[in-house]
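**Q** Protein chains in written order, with my numbering: chain S, 1 to 356; chain L, 1 to 409.
Everything labelled a hint here was simulated from the structure, so no lab data went into it.
Any given hint could turn out to be false.
Ranges of calculated distance between the beta carbons of each label pair, as one might list FRET restraints [claimed, not checked]:
no. : chain 1 : residue 1 : chain 2 : residue 2 : range
1   : L       : R146      : S       : P207      : 41 to 49 Å
2   : S       : M235      : L       : M245      : 46 to 54 Å
3   : S       : C337      : L       : D10       : 35 to 43 Å
4   : S       : K158      : L       : K100      : 33 to 41 Å
Dumping the calculated DSBU-like pairs for lysine-lysine here, alpha-carbon to alpha-carbon at most 35 Å [claimed, not checked]:
no. : chain 1 : residue 1 : chain 2 : residue 2
5   : L       : K199      : S       : K276
6   : S       : K76       : L       : K100
7   : L       : K199      : S       : K163
8   : L       : K275      : S       : K276
9   : S       : K297      : L       : K43
10  : S       : K50       : L       : K283
11  : L       : K345      : S       : K199
12  : S       : K158      : S       : K7
13  : S       : K327      : L       : K43
14  : L       : K283      : L       : K345
15  : S       : K29       : S       : K108
16  : L       : K321      : L       : K335
17  : S       : K7        : L       : K111
18  : L       : K100      : S       : K163
19  : S       : K201      : L       : K53
20  : S       : K233      : L       : K376
21  : L       : K30       : L       : K46
22  : L       : K275      : S       : K230
23  : S       : K230      : L       : K53
24  : L       : K53       : S       : K291
25  : L       : K275      : S       : K355
26  : S       : K98       : S       : K309
Where a beta carbon is used, it is the ideal one built from N, C-alpha and C, also for glycine.
Letter by letter, the chains look like this.
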Amino acid sequence: MALPERKTDIGPPHYKQFMPPVIVNNYGKWKYHEVLSPSAMVHVADSGDKLWTVRVASPRILATDSIREICDISDKYCDGHLRFTTRNNVEFLVSDEKNLEPIQAELKEKGFLTGGIGAGISNVVHTQGWVHCHGAATDASGLVKAMMDELVDYFTTKRLPNKLRLAVACCVNMCGAVHCSDIALVAVHTKVPTIDHEKVKNMCELPTVISSCPTRAISPDPAKKSVKIKEDKCMYCGNCFTVCPPINIKDPDRDGIAIVVGGKVSSLRTNPKFSKLVIPYISNEPPRWPKVVAAVKHIVEVYADNARKHERVGEWIERIGWESFFKLTGIEFSYQCIDDFTFMRDTLRTSSTFKW
Amino acid sequence: MKKYDTPLLDELEKGPWPSFVTEMKKAGQKNEMANDAVGHLEKCFKTRIGYWKHGGIVGVLGYGGGVIGRYSEIGDEFPGVAHFHTVRLNQPSGFFYTTKALREICDIWDKYGSGLTNMHGSTGDIVLLGTNTAALEPIFAEYSSRGWDLGGSGSDLRTPSCCVGPGRCEWANYDTLDVIYNLTQEYQDELHRPMFAYKFKIKAAGCACDCVASLARADMSIIGTWKGDIQIDQAEVKNYAANGMDINSEIVGMCPTECMSYDGGELKIDNANCKRCMHCITKMTKALQPGAERGATICIGSKAPIVVGSLLSWVVVPFIKLEPPYTELKELIRKIWDWWDDNAKPRERIGEVIEMKGMRSFLEAIGIDPQPQQIKEPRKDPFMFYTDEDIAKFKANEAEEKKTGVYKF
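Using the sequences provided together with the hints, build the complete structure.
**A** Rendered as structure tokens:
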């Protein structure tokens, strides 16, 4: 069958053709919204028109047939309108209040998980992992699934002092906003890479490899027409591997998971913050990563018990002090938690006022 | 179709959270590529290592971005994923869809690819996971003829994205959806044909809540804000109090600039001391609204840790009005790209180049004056550059002071 004629540089379709009439009519004229439950909210326009939103979790990887099932529900209750969120949730846009209860009942009956709105845990921002990335040190979707199975109540019903944003990165590239999340997992390498000199010679541009190293650990090895790595300078970032595949950084027995906490992207109350390292290493244990999951759950619970209303994890920790965070959580403070890379000057303590 | 034994992945079909394994198997029931992707992933779980090769150069005619080449090292064992390229489709602003549009996307993808998707990728695109090289041109013809185009990848403008904005949010200080649609259309060439030193991301957030994580992961972060007084509906303030909100503790006491007061009657805001963080507005959404003069703050430079640590975007333009056709914003973007192009080494993001060359060089190039809103605090060291023009200006000011007898600092 002949293919249709291709077009180039047309850009994305215009968004307005996909919006329900209530949005087109009240575009930019929303007055306020109310969170009705962790699963539903209502937006009210200046005109008095209302739009109800019902949110469900998705595993981000969706089979086309699952998208069609989501479409079937939207056709039935939302005149075929829906949207996705930046955190991989599906939002059903309900224009008629009488559909609000039935759609939630049907979603529940069909096994969808509704929730994620307000002061709890929403869906997890994550990377591709072993499903589809060459650089992955672990599987991101697997970690998310294992972690959220344990934390699911905070998505559906249980409330926290404020939103708690989780993220998973399958290597230190940290695609997504992993470096500014309340609690995030990042897969780390822990060993100096090995070099296949024969292949380096044929596959890699040596100046690019040498300049890829942030600690200048890589220098030319003229005899081998390759490069060498100064072991005590390497901190296993894997950037050399990214530009030169024969420099192998993957090591199943040594790759692991680090946990960082206290980041945020919003400017509410306090400025946006990076997440900071609290647990430098847990072994990579698919398929359910039990120790990683237990650690995250523990930190969530200590936060839930100790933070004041509206405090994000990072704000709570800044108020009580990091020494108190380690004390409250019982997490052992390790050398890795002291920055010896680019942020040392900003992060070491310079006063004698701290808590015991 | 080969049936794979997947004891490890089967563990991830248990439990209440929706399972990506179930999704992969579902696609695998009717698609050989997806089926092999399941077997391939089980092997990764078993050996605790990945088998994807670095991306190769594949794409569609005339484009350099939008398709990410992916090949397996063990394609002989799993022929369905020997080629398993990703196609990025540029999402509509705000991720709004009709079911008709989604079904069309699915039907085409089932015809040529694995049937697996990401809704959505981190950059914002619709990610179609897994197809082979021969299918790329047909895929592009099918989608583009129906109004869908590819997104960015590699050293180009990455697919711009935004929050839900005026589509469904009372806090949108500018039209995030329109700005992103408009910029995406304006820069089709930069999006599809990699011509930069490295990637460049633009993300548009309507307010300081930053639901698109713009400040943390966009080379250009456009964050909505306002000038003027927060609009207060005192009757609604009373309602919040009547409904049990402890306004002094939850609102006044958590205001970072201590610019609010409440004595049980009227809520008062000393707007000159408000830094527009949005805490009070988000908690009392019926009672408080941003001020009437709306616009955005432009921040530049954020990125993830590789290579020498993460950056958050720095304030460059404290306030800009954003109204169609966004001429001032577009001129700014062109100047930013020109300076970056002149100064970047390969694989250097704009934030890294600013660190190397200095903010002054950048600000002068794009024609923005130094302003205290750009910094947290002034420099702490005395090692600074003076140009002859700087000194001449200082001297000229002093000469003027001598004439008038009045010092101006």
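**Q** Against each hint, give a clear statement of whether it holds in the structure.
**A** For each hint, the structure was consulted:
For R146(L) and P207(S), the Cβ-Cβ distance of about 45 Å falls inside the hinted range of 41 to 49 Å, so the restraint holds. Between M235(S) and M245(L) the beta carbons are some 48 Å apart, a value that agrees with the proposed interval 46 to 54 Å. Checked against the hint of 35 to 43 Å, the C-beta distance between C337(S) and D10(L) comes to roughly 37 Å, which is consistent with it. Taking the beta carbon of each, K158(S) and K100(L) are about 37 Å apart, inside 33 to 41 Å as hinted.
In summary, the hint linking K199(L) to K276(S) is supported, as the alpha carbons are separated by about 26 Å, within the 35 Å threshold. For the hint linking K76(S) to K100(L), the alpha-carbon distance of about 13 Å falls within 35 Å, and the restraint holds. In summary, the hint linking K199(L) to K163(S) is supported, as the alpha carbons are separated by about 31 Å, within the 35 Å threshold. Proposed proximity of K275(L) and K276(S) is supported: the alpha carbons are some 26 Å apart, at most 35 Å.
Distance check on the hinted pair: K297(S) and K43(L) sit about 28 Å apart at the alpha-carbon level, within 35 Å; holds. At roughly 20 Å between alpha-carbon atoms, K50(S) and K283(L) fall within 35 Å of each other, so this suggested pair holds. Taking the CA atoms of K345(L) and K199(S), the gap is about 26 Å. The hint holds against a cut of 35 Å. With a C-alpha separation of about 49 Å, the suggested pair K158(S) and K7(S) falls outside the 35 Å cut-off, and the hint is violated.
With a CA separation close to 40 Å, the supplied pair K327(S) and K43(L) exceeds the 35 Å bound. Restraint check for K283(L) and K345(L): the C-alpha separation of about 45 Å exceeds 35 Å, so the hint is violated. Annotation: proposed proximity of K29(S) to K108(S) holds, straight-line Cα distance about 32 Å (limit 35 Å). Of the pairs offered as hints, the one joining K321(L) and K335(L) holds, with about 18 Å between alpha carbons and a cut-off of 35 Å not exceeded.
Straight-line distance between C-alpha atoms of K7(S) and K111(L) comes to about 19 Å, which keeps the hinted pair within the 35 Å bound. A hinted pair counts as satisfied when its Cα atoms are at most 35 Å apart, and K100(L) with K163(S) qualifies at roughly 34 Å. At roughly 18 Å between alpha-carbon atoms, K201(S) and K53(L) fall within 35 Å of each other, so this suggested pair holds. For the suggested pair K233(S) and K376(L), the alpha carbons sit about 33 Å apart, so the restraint of at most 35 Å is met.
Simply put, K30(L) and K46(L) have alpha-carbon atoms about 25 Å apart, close enough for the 35 Å limit, and the pair holds. Annotation: proposed proximity of K275(L) to K230(S) is violated, straight-line Cα distance about 48 Å (limit 35 Å). Distance restraint check for K230(S) and K53(L): the Cα-Cα separation of roughly 26 Å lies within the 35 Å cut-off, and the hinted pair is therefore satisfied. A distance of roughly 30 Å separates the Cα atoms of K53(L) and K291(S); the hinted pair therefore holds under the 35 Å criterion.
A C-alpha spacing of about 31 Å is found between K275(L) and K355(S), which places the hinted pair at or below 35 Å, so the restraint holds. The suggested pairing of K98(S) with K309(S) holds, with an alpha-carbon distance near 34 Å, which does not exceed 35 Å.
Comparing the model with each numbered hint stated earlier shows that hints 12, 13, 14 and 22 do not hold.
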